[in-house]
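A.B. asks: Here the protein sequences line up with chains P and L, keeping their order. Numbering-wise (the working numbering), the first sequence opens with residue 1 and increments by one. Numbering-wise (the working numbering), the second sequence opens with residue 1 and increments by one.
Please keep in mind that the hints were generated in silico from the structure rather than gathered at the bench. It is possible that some hints are incorrect.
With a Cα cut of at most 20 Å, we get these calculated EDC-like pairs of lysine to aspartate or glutamate [unchecked claim]: (1) Lys238/P with Asp408/L; (2) Lys353/L with Glu247/P; (3) Lys405/L with Glu159/P; (4) Lys83/L with Glu102/L.
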Amino acid sequence: MATERVRVRGLNIYRPIIYGNTATVLNPKQREALAPTAPDHTHTWTVAVRGAASAPDQDIVGGADDISHFIKRVTFKLHDTYPNPSRNIDKPPFEVTETGWGEFEIQIRITFVPDAGEKPITFYHHLKLHPWTATGEPEIPPIDVAAKLGPVHSWQYDELVFNDPFQTFLNTLMAHPPTPLVRSRRKPVPFHLAHMGGLEASKGGTPEFTQQMEKEEAERLEEARKAIVAEEERWRVKLIEREKELEQLQKLVAERAQ
Amino acid sequence: MANSLEVRAILDLPSTSSATPTIPQKKLSVPTIRKPEGISRELYSLIGPSSTTLVAQLAKPRLKQKPNLNAGSKIKWEWRPFKNGGRTDSLQLKHWVKASTEADAEYPFAKYNIQRPKYNDYSLEEYTTHLEDAKWSKEETDYLMNIVTEYDTRWYVIYDRYEFPGGVARSMEDIKDRYCSICRKLIRSRPWTGDESSKNALLSSFSFDKEREEMRKRYVASLENRTPEQIAEEEALYMEIKRLEQNEKRFKRERDDLLRTIGGIDSGLPDVVEDEMQLTGLSSSELKRSKKKGGDLDTPATPLLSTPLSRRPTMPPQNTAADRQHCITRTEIPGATSATKAAHQPAYLRSFKLPYPKAAIAQKVTQALAELGVSHARLVMPTQGNVALLEGLLDATSTLVDMKKLVDKAEFDIQVLKTRLGMQGAAKAEETDGDVNAMDMDDGNDADADMDGDADGEGEDGRAQSVVSTRSARSRKHNRRSMSISSVDTSATVSTRAGTKRQRRG
Numbered sequence: 001m002a003t004e005r006v007r008v009r010g011l012n013i014y015r016p017i018i019y020g021n022t023a024t025v026l027n028p029k030q031r032e033a034l035a036p037t038a039p040d041h042t043h044t045w046t047v048a049v050r051g052a053a054s055a056p057d058q059d060i061v062g063g064a065d066d067i068s069h070f071i072k073r074v075t076f077k078l079h080d081t082y083p084n085p086s087r088n089i090d091k092p093p094f095e096v097t098e099t100g101w102g103e104f105e106i107q108i109r110i111t112f113v114p115d116a117g118e119k120p121i122t123f124y125h126h127l128k129l130h131p132w133t134a135t136g137e138p139e140i141p142p143i144d145v146a147a148k149l150g151p152v153h154s155w156q157y158d159e160l161v162f163n164d165p166f167q168t169f170l171n172t173l174m175a176h177p178p179t180p181l182v183r184s185r186r187k188p189v190p191f192h193l194a195h196m197g198g199l200e201a202s203k204g205g206t207p208e209f210t211q212q213m214e215k216e217e218a219e220r221l222e223e224a225r226k227a228i229v230a231e232e233e234r235w236r237v238k239l240i241e242r243e244k245e246l247e248q249l250q251k252l253v254a255e256r257a258q
Numbered sequence: 001m002a003n004s005l006e007v008r009a010i011l012d013l014p015s016t017s018s019a020t021p022t023i024p025q026k027k028l029s030v031p032t033i034r035k036p037e038g039i040s041r042e043l044y045s046l047i048g049p050s051s052t053t054l055v056a057q058l059a060k061p062r063l064k065q066k067p068n069l070n071a072g073s074k075i076k077w078e079w080r081p082f083k084n085g086g087r088t089d090s091l092q093l094k095h096w097v098k099a100s101t102e103a104d105a106e107y108p109f110a111k112y113n114i115q116r117p118k119y120n121d122y123s124l125e126e127y128t129t130h131l132e133d134a135k136w137s138k139e140e141t142d143y144l145m146n147i148v149t150e151y152d153t154r155w156y157v158i159y160d161r162y163e164f165p166g167g168v169a170r171s172m173e174d175i176k177d178r179y180c181s182i183c184r185k186l187i188r189s190r191p192w193t194g195d196e197s198s199k200n201a202l203l204s205s206f207s208f209d210k211e212r213e214e215m216r217k218r219y220v221a222s223l224e225n226r227t228p229e230q231i232a233e234e235e236a237l238y239m240e241i242k243r244l245e246q247n248e249k250r251f252k253r254e255r256d257d258l259l260r261t262i263g264g265i266d267s268g269l270p271d272v273v274e275d276e277m278q279l280t281g282l283s284s285s286e287l288k289r290s291k292k293k294g295g296d297l298d299t300p301a302t303p304l305l306s307t308p309l310s311r312r313p314t315m316p317p318q319n320t321a322a323d324r325q326h327c328i329t330r331t332e333i334p335g336a337t338s339a340t341k342a343a344h345q346p347a348y349l350r351s352f353k354l355p356y357p358k359a360a361i362a363q364k365v366t367q368a369l370a371e372l373g374v375s376h377a378r379l380v381m382p383t384q385g386n387v388a389l390l391e392g393l394l395d396a397t398s399t400l401v402d403m404k405k406l407v408d409k410a411e412f413d414i415q416v417l418k419t420r421l422g423m424q425g426a427a428k429a430e431e432t433d434g435d436v437n438a439m440d441m442d443d444g445n446d447a448d449a450d451m452d453g454d455a456d457g458e459g460e461d462g463r464a465q466s467v468v469s470t471r472s473a474r475s476r477k478h479n480r481r482s483m484s485i486s487s488v489d490t491s492a493t494v495s496t497r498a499g500t501k502r503q504r505r506g
């Protein structure tokens with residue numbers, strides 16, 4: 001029975017994906033079209049799960065690779081106020097486009113191809129409609145200002161890691177190697193709350209994930225670590241001094257006691 | 001009266017057997033079957049004729065034939081004289097021999113009279129150059145060699161017969177030792193025909209370690225002379241040892257299992273059960289060869305470990321470039337066992353497995369990192385490398401927080417001691433003052449000058465105040481440093497205002 005279902009041990013294989021959303025303010029014509037059913041919707045947005053690398057000719061974030069060879073279905077669970085809040089997408093592109101007025105948490109569930117023999121994984125994405133701000137505090141600009149600022153992007157890079165995959169699944173994965181991320185930035189950098197300093201770099205168009213981002217983050221982490229270690233050194237020096245002082249005082253106390 | 005019989009005869013009725021008086025009838029015997037052979041009648045009647053094996057077996061008892069001891073002709077024996085080729089003299093003996101053997105046949109036991117190489121034919125010069133010994137005179141040596149040759153190195157006989165007039169008592173080890181050493185020296189000194197290895201073999205045959213032999217014989221003797229109690233005690237100890245060893249093995253196995261289930265694949269233990277069953281000799285050597293992840297070249301053999309011998313997955317030739325392209329990382333294979341099979345890690349998003357600081361200090365770590373502008377919970381690009389870096393960062397931060405705790409503790413202890421000293425006489429006040437001030441001079445990277453100024457300026461009177469001032473100066477020094485760290489300090493140095501300090505101490 002298990003002739004092909006042998007796991008290759010000691011091997012991890014990962015695939016880079018991105019998930020997130022793009023949101024655009026509805027222009028007056030669109031709002032009119034929606035007026036009968038949903039007059040209060042202000043934005044149209046698309047939430048998606050895609051491959052991490054961006055295709056040079058397309059204007060979307062990521063999506064250069066086809067990920068349907070290991071992802072069978074993506075389920076987006078929207079807010080309950082939406083009709084049919086549980087949206088199953090069984091074929092690429094794995095995305096849902098809707099209109100709305102508020103931000104909420106979207107639950108994303110990825111079901112893998114049966115060949116993988118893996119349980120579905122679930123994670124969340126906060127739907128971002130309003131532009132990013134420097135302080136991270138929510139700040140909703142008025143509609144016309146927002147319309148001028150252009151689409152809002154909120155994307156997260158991540159890697160799906162498969163441990164000890166089945167041989168057949170491994171072959172499938174190896175048959176579709178992921179497109180590597182482009183080296184350095186040529187488009188705006190996707191903004192992330194973990195790196196508030198990148199706010200400026202994220203403005204001005206459809207962002208793209210790059211290897212440079214990864215390197216920069218690595219540098220930031222390394223810088224932080226060095227700073228911490230230096231600080232620790234200083235404190236260690238202090239500690240040694242304190243301890244010497246303590247010893248002397250203890251000796252004095254002992255002398256006094258006699 | 002007519003009886004029934006007559007009535008019936010008259011009426012021509014058939015006579016009923018029940019009514020008729022018991023005419024003695026010949027008892028019908030049970031049809032006799034021929035008595036079975038080999039087994040008793042009762043047994044046969046139990047088993048029945050259908051049991052073929054038994055009946056067939058027991059029917060004919062197969063006994064061993066009596067050996068036909070020369071049932072044929074009779075053999076004649078003769079009393080004949082014979083010649084023994086092994087004798088040097090011409091002693092004529094007689095013995096019984098079958099008449100059929102030819103006369104003058106070779107004595108069959110003559111071939112067992114082997115001649116050993118003699119070592120008692122050394123010359124005088126040889127003796128004086130090689131074989132001299134303080135404890136052995138030449139005469140005694142000669143006597144010994146002759147007796148050994150005569151009794152053909154049968155040591156017990158030699159030992160028994162050894163009686164050199166005027167010599168000291170020699171134990172068997174002594175004479176064996178002397179003999180063997182002489183043989184060795186002669187072999188070495190004499191020219192040797194033949195190759196080196198045979199010479200060495202001969203030499204080794206004459207190796208004799210007197211100490212060891214004596215010890216061995218002592219041991220054997222003591223072993224023989226154990227009292228029954230001693231034997232019983234030894235047995236008991238032996239059983240105990242065995243039991244302890246078994247327990248130890250069991251504990252070790254259980255401990256390893258536990259570690260394996262807790263630590264999972266990374267527990268670093270070699271997996272035991274199935275590998276030993278499947279690949280006994282291979283597994284240990286292959287485990288040694290399997291390497292950690294990170295771009296090392298795995299041998300194609302290592303995946304074989306994980307699969308039964310019959311099915312081997314076709315692994316593409318592994319090299320790091322292809323691995324990177326396909327985003328593959330290889331980890332050390334602990335081997336396929338039931339433990340790791342059960343512990344298959346499901347697929348996950350890497351950001352779900354970010355390292356997290358320990359609960360006790362988590363808050364401080366988070367604060368520290370936030371001040372540095374790093375989020376501990378999320379990464380922009382959670383790749384393998386970055387996750388590792390984050391882990392390193394968290395470790396460093398944890399040690400930093402611990403270090404600060406230690407420093408604060410030490411400072412607190414210092415304070416306690418200082419108050420105690422303060423209460424124990426003002427005479428020593430200047431001393432402690434000086435110490436503290438001196439330490440302040442050495443202390444710190446920045447604002448030394450300021451600190452001294454402060455220490456002097458604020459010192460109103462007495463050391464109590466100066467201690468306070470140094471503390472405040474120190475705290476101020478903290479302030480001058482980066483904002484971040486001070487906020488993470490524990491309570492000891494939180495308040496930076498000298499006033500509050502004074503109040504606390506007052």
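A.B. asks: Give a verdict on every hint.
C.D. replies: Hints, one by one, checked against the model:
For a cut-off of 20 Å, the pair hint linking lysine 238/P to aspartate 408/L stands: about 10 Å separates their Cα positions. At most 20 Å may separate the alpha-carbon atoms for a hinted pair to count; lysine 353/L and glutamate 247/P exceed this at roughly 45 Å. Distance restraint check for lysine 405/L and glutamate 159/P: the Cα-Cα separation of roughly 37 Å exceeds the 20 Å cut-off, and the hinted pair is therefore not satisfied. Of the pairs offered as hints, the one joining lysine 83/L and glutamate 102/L holds, with about 13 Å between alpha carbons and a cut-off of 20 Å not exceeded.
In this structure, the earlier hints numbered 2 and 3 are contradicted, and the remaining ones agree with it.
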